[in-house]
Amino acid sequence: MWILTQDGNIVNLDKSIAVEIHNNEIFSYCGYDSLEHDYLFDMLGKYKDPEKVRDAIYQAIAEGKRTWTMPMDGENNGVK
1 MWILTQDGNI VNLDKSIAVE IHNNEIFSYC GYDSLEHDYL FDMLGKYKDP EKVRDAIYQA
61 IAEGKRTWTM PMDGENNGVK
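Mind the numbering: the sequence shown is residues 1 to 80 in the UniProt record's numbering, read in order.
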């Protein structure tokens, strides 16, 4: 699934290892850099209620959506 992030970047979630939350920010981890000993990631967005948005991402994946846009915060997190 392709995701349009809050910053306007496009991320292919099919290449992602995990979607995680740290400090109210949602990240898509897409690999590991063995030279730098650090994970490669894309920031998807920052939210007041990131768990709700992460759950909506997983729901979109389960429904087989091909594209999804990260909601802007403050619009009920854009998730129904």
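Do not take every clue at face value.
[As the list claims (entries may be wrong)] Simulated pairs of lysine to aspartate or glutamate, EDC-like, Cα-Cα distance not exceeding 20 angstroms:
no. : residue 1 : residue 2
1   : K48       : D73
2   : K46       : E20
3   : K15       : D42
4   : K46       : D73
5   : K48       : E20
6   : K48       : E25
7   : K65       : D55
8   : K65       : D14
9   : K52       : E63
10  : K15       : D55
11  : K15       : D49
12  : K46       : E25
13  : K52       : D42
14  : K15       : D33
15  : K52       : E20
16  : K52       : D73
17  : K52       : E25
18  : K46       : D7
19  : K15       : E63
20  : K48       : D7
Rather than coming from a laboratory, the hints here were simulated on the basis of the structure.
Q) Among all the numbered hints in the text so far, which are the ones the structure does not match? A) 11
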